[in-house]
Amino acid sequence: MAVLVDKNTRLLVQGITGREGSFHTKLMLDYGTKVVAGVTPGKGGSDVHGIPVYDSVEEALAEHPEVNTSIVFVPARFAPDAVLEAIDAGIGLVVVITEHVPVHETLRFVRYARYRGTRIIGPNTPGVISPGLAKVGIMPEKVFKKGKIGLISRSGTLTYEIAYAISKAGLGVSTSIGIGGDPVVGLDFIETAKLFLEDDETSALVVIGEIGGDAEERFASFLAKGGFDKPVVAFIAGKTAPPGRRMGHAGAIISAGRGTAAEKIKALEDAGVRIAETPSQVPQILFKVLKYLR
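Start counting the sequence shown at 14; every next residue gets the next number (the numbering used here).
Just so you know, these hints were derived from the structure itself, not from any lab. Since the structure is predicted, the reported quantities are computational estimates derived from the model, not experimental observations. Incorrect hints may have been included.
Each computed EDC-like pair below joins lysine to aspartate or glutamate, with the alpha-carbon atoms no more than 16 Å apart [stated by the list, open to error]: (1) Lys238 x Glu204; (2) Lys159 x Asp213; (3) Lys159 x Asp212; (4) Lys159 x Asp19; (5) Lys181 x Glu154; (6) Lys243 x Glu204; (7) Lys158 x Glu174; (8) Lys158 x Asp19; (9) Lys39 x Asp60; (10) Lys56 x Asp68; (11) Lys56 x Glu72; (12) Lys279 x Glu230; (13) Lys243 x Asp213; (14) Lys39 x Glu154; (15) Lys161 x Asp19; (16) Lys243 x Asp212; (17) Lys279 x Asp227; (18) Lys161 x Glu214.
Label-pair restraints from in silico Cβ distances [stated by the list, open to error]: (19) Lys304 x His62: 44 to 52 Å; (20) Asp242 x Glu282: 15 to 23 Å; (21) Pro78 x Asp242: 36 to 44 Å; (22) Ile203 x Val116: 18 to 26 Å.
Note that the Cβ used here is the ideal one computed from N, Cα and C, for glycine as well.
Generate the whole structure from the sequences, applying the supplied hints.
Quick look at the structure:
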């Protein structure tokens, strides 16, 4: 079993004719993901890598009712409408790759998605991958090997580095979820952790956090209340980040003295989470908490 995406994923690519959409559609197809349709207004009737293109999500689903997941490569100014279109069509999972979506627009479609029962990943996410089963995103699949460690991250590049370390150590990844680096995102650490809790093939969870916001602190509170009974290891980036300066992501900024790495690390440690000082330490700690022998 895997989380969110697997061999049953049937994918719609919104913005498939654009440079990024076309490029990553090819990579997802090569990985074995079942991409069944694409959407770009005004480009209906064409195809990309053999995938039929439609003018709207409604038209695509009329021909491909099996679609259950969408990935959005639409430019920021049009992305909110693309997400709302996918939600209205009843698609259960929407992965929003797009960066620079205005926060108030994200708030609007995340709230609407909750009302309609759609799960949103992102925006500003590298996506979701269940190694060997499906990739819905832009991550370099070679660093992900199939295993039993769940991975949740706010940072794309750190996801790749730590996934590679976990895979190289022989542990592997069950599913990796990039929740997104913006101040407001769809599914958060708590919601995604609950998905891993129900997955029999996930033995432990790795959380990759960073400065800014309070997502890690809220997750720590959830853990402290006994909401998760599998081992959790965390790495928090940004220990030396100066207050008021954005570091990489729109959400990675210390504001009014809050959202520091130290605060997040303390909250997680108080909740019983093992903290890695460096990405390379993550698999070492995992071996200890899982009582594996090298």
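Exercise. Are there hints from earlier that the structure breaks, and if so, what are their numbers?
Worked result: none
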